Amino acid sequence: MDKQVSFEDEPLMLVDMDGMEVGNLSKDACHKDKGILHRAFSIFILDAKGNVLIQQRSQQKKLWPLYWSNSCCSHPRLGEKIEDAANRRLEQELSIRVELTQHYEFEYRADYEDIGAEHKLCAVFTGISTGKIKVNSDEIAA
755 MDKQVSFEDE PLMLVDMDGM EVGNLSKDAC HKDKGILHRA FSIFILDAKG NVLIQQRSQQ
815 KKLWPLYWSN SCCSHPRLGE KIEDAANRRL EQELSIRVEL TQHYEFEYRA DYEDIGAEHK
875 LCAVFTGIST GKIKVNSDEI AA
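Here the numbering used here is used: the first residue of the sequence shown is 755, the next is one more, and so on.
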C-alpha cells in the first residue's frame, strides 16, 4: 500500500531565523531558486547496536533524487507540531513508530544543480528501532 505522501503544492511553514512562523508557501515555491527559509526536520534511526539507518531518496524527488540521506526528513504540515510530523513521516515512509528525542535545530541552505535549493530551519531527532521496517517505495528507492 505504498503511496506518495508529499506533494509540490502542499503549503510549508515559513519561519524567521528565530523559528517564528511568518507565513506559508507551497513546497515547490520554497525550493525554487535559492530557496525560502521554512521549517523542517531530520531523523536518524538507530538499531540496537547503534547502526544508523540511511535511505536512498526516490528517483521521483525533485531535489537530490537517488542520493543517500538520513533515515527520514520532511516538513510539518501547517499547525502540526514538529514531533508529531516526524512520527507521521516515520510511519508513512518506514512503517515504524519509535520514541524520538529532539536534539537541536540548525539553519542550512544548499543548492541542487540549477533546479532549486533547500533553505531550512531543521530540527534534528534520533530514535531507536528494533522492529521490522517496510519502506514506502514511492518515497524511498532503497
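Worth flagging that the hints you see were computed from the coordinates, not collected in a lab.
Among these hints, one or two may not hold up.
Unchecked claim - Straight-line alpha carbon distances no greater than 16 Å define the calculated EDC-like cross-link-like pairs of lysine to aspartate or glutamate that follow:
id: 1; residue 1: Lys781; residue 2: Glu872
id: 2; residue 1: Lys786; residue 2: Glu859
id: 3; residue 1: Lys788; residue 2: Glu853
id: 4; residue 1: Lys886; residue 2: Asp801
id: 5; residue 1: Lys816; residue 2: Glu872
id: 6; residue 1: Lys786; residue 2: Asp801
id: 7; residue 1: Lys816; residue 2: Asp868
id: 8; residue 1: Lys835; residue 2: Glu859
id: 9; residue 1: Lys886; residue 2: Glu859
id: 10; residue 1: Lys786; residue 2: Asp763
id: 11; residue 1: Lys781; residue 2: Glu853
To be verified - Across the chosen pairs, the derived CB separations fall in these ranges:
id: 12; residue 1: Ile808; residue 2: Glu861; range: 20 to 26 Å
id: 13; residue 1: Val889; residue 2: Glu762; range: 17 to 23 Å
id: 14; residue 1: Lys815; residue 2: Asn778; range: 32 to 38 Å
As the structure is a computational prediction, the values presented were derived from the model and not from experiment.
Glycine is no exception: its CB is placed at the ideal position from the N, C-alpha and C atoms.
What hints, given by number in increasing order, does this structure fail?
Of the numbered hints, 2, 3, 6, 9, 11, 14 do not hold.
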